[in-house]
Structures are given as C-alpha cells and as structure tokens.
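Student: Now for the letters of each chain:
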Amino acid sequence: DVKVTQSSRYLVKRTGEKVFLECVQDMDHENMFWYRQDPGLGLRLIYFSYDVKMKEKGDIPEGYSVSREKKERFSLILESASTNQTSMYLCASSWLRSWYRATGELFFGEGSRLTVL
Amino acid sequence: SQQGEEDPQALSIQEGENATMNCSYKTSINNLQWYRQNSGRGLVHLILIRSNEREKHSGRLRVTLDTSKKSSSLLITASRAADTASYFCATPGGATNKLIFGTGTLLAVQP
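Protein sequence lines correspond, in order, to chains A and B.
The numbering used here puts the first residue of the first sequence at 1, with every later residue one more than the last.
The numbering used here puts the first residue of the second sequence at 1, with every later residue one more than the last.
It is worth saying that the hints were derived from the structure and are not from the lab.
It is possible that part of the hints are untrue.
[Said to hold, decoys possible] The following label-pair restraints were derived from C-beta to C-beta distances:
1. K70(A) x S58(B): 31 to 39 Å
2. G40(A) x S12(B): 18 to 26 Å
3. G40(B) x D26(A): 43 to 51 Å
4. G40(B) x T83(A): 19 to 27 Å
Note that the Cβ used here is the ideal one computed from N, Cα and C, for glycine as well.
Whole structure, please, built from the sequences with the hints as guidance.
Tutor: Encoded structure:
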C-alpha cells in the first residue's frame, strides 16, 4: 500500500526556534513536494524536488529551506520559526511521468500541524 | 497565483442526494484532478481527467471537463455521511507549473 509518512502530526515551537519537518515515502517516487494549507488560502506550494539533492522553489519559499539527501526522504526546514508560519504542512510525492512531468497524481501524508508561539 | 476555484464554498445535503461541485481555472491545462480531504487529514486523490477527455467515472464519482469554458464538475451520486469532507480541484499552473489547488468545497452530508 502506498505510504507517505510525516514524522510529527502536531508540533508546538517557539519563535526563533529551528524546526525540522520530515517526510518519507515508500513508493520510489521521483517527485516530492511540501505544501502549506491555511484557511481561505487553500494549499500553496513551498518547495519541490524531482531528484536527490535537486530542489526548486514553489510559490512561497521565503522563510523555508529543504533537504533531499535520499530519494525517499524530503525535509522541510524553518531556520527561525515565526508566528506567521503557524499552519498545516502537507508533504506529497508522485512519479515522474513524461506526459505529466510533475503534475500527475499526488500522494499525500497525513499532515503536520505546526503552532509557533 | 490562484488557478482553480471551487464553487460552492460549502454544500449541505441529505444522505442519498447527489452533490455537485464546480471548478473553474484560468490557463490551459493538460489534466485536472480532484482530491478529497477529511477534517485534519491529508488529501486523497480521487480522479484525474485529461484535457482530451470530456467525462470520466469512478464508482459513484462522475467528473466532466469543458476546456472551452475552463471548468470542471464533480458529481457524487447517492451521497453518504462518510462523503462528508472538503473537495479540491487541482490543475497545473502558476509560475512553477506545478499542481495548484483551489480553496475547496466543504461538503456536509446529513444522515
């Protein structure tokens, strides 16, 4: 069964702390994504990776960085958390298919709800 | 860079009724997808329709796509209480040409 696992369902951090959100997929997918979801704004793409050590900025990369050292793992890093980064963070993965490239079916994790105080 | 927008924002129906949700988008696409999200959970892929398809079925789901109007609809027939969730359409777009999601339709099916 397809599985995307996010390390923490709920986190509470303080302003200025460094935060790591981990995501692991077991489907040998090439593409991995980090989105954040906020009420009234839908899902917004933070970063995307199509291969190990490769990354591309999404629509809202400011304040975030990512790491992909292994194909199955994609980490989102908040170098210095701020209250406006309180949100639900969703990791997703997909196959790299020539026709759809990186816009095919996404498989999502259960989400990590981060609260920054 | 909003691409897809769902309508209505919220929908409440009785069990057994049909539910119809609409999605409009702005730019040319090669596919459109619908996802479902139960409260506090991740999204689950429901169906993908290619730009050269007009209609697609999956169980109780029927999706239509009208590329001339840049719109799609998702029909859930004979709804159940377990269908209560938020439904999102997603299309490639934006500066990164990745999947962009709308803000969703919140469907409540009353038993």
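Student: Now, for every hint given, state plainly whether the structure supports it.
Tutor: Verification of the hints:
K70(A) and S58(B) have their C-beta atoms about 34 Å apart, which keeps the hinted 31 to 39 Å range intact. Separation of G40(A) from S12(B) is about 19 Å and conforms to the stated range, judged on CB atoms against 18 to 26 Å. At roughly 23 Å, the beta-carbon separation of G40(B) and D26(A) lies outside the given 43 to 51 Å, and the hint is violated. Between G40(B) and T83(A) the CB atoms are about 21 Å apart, so this pair conforms to the stated range of 19 to 27 Å.
The structure does not agree with numbered hint 3 stated previously, though it agrees with all others.
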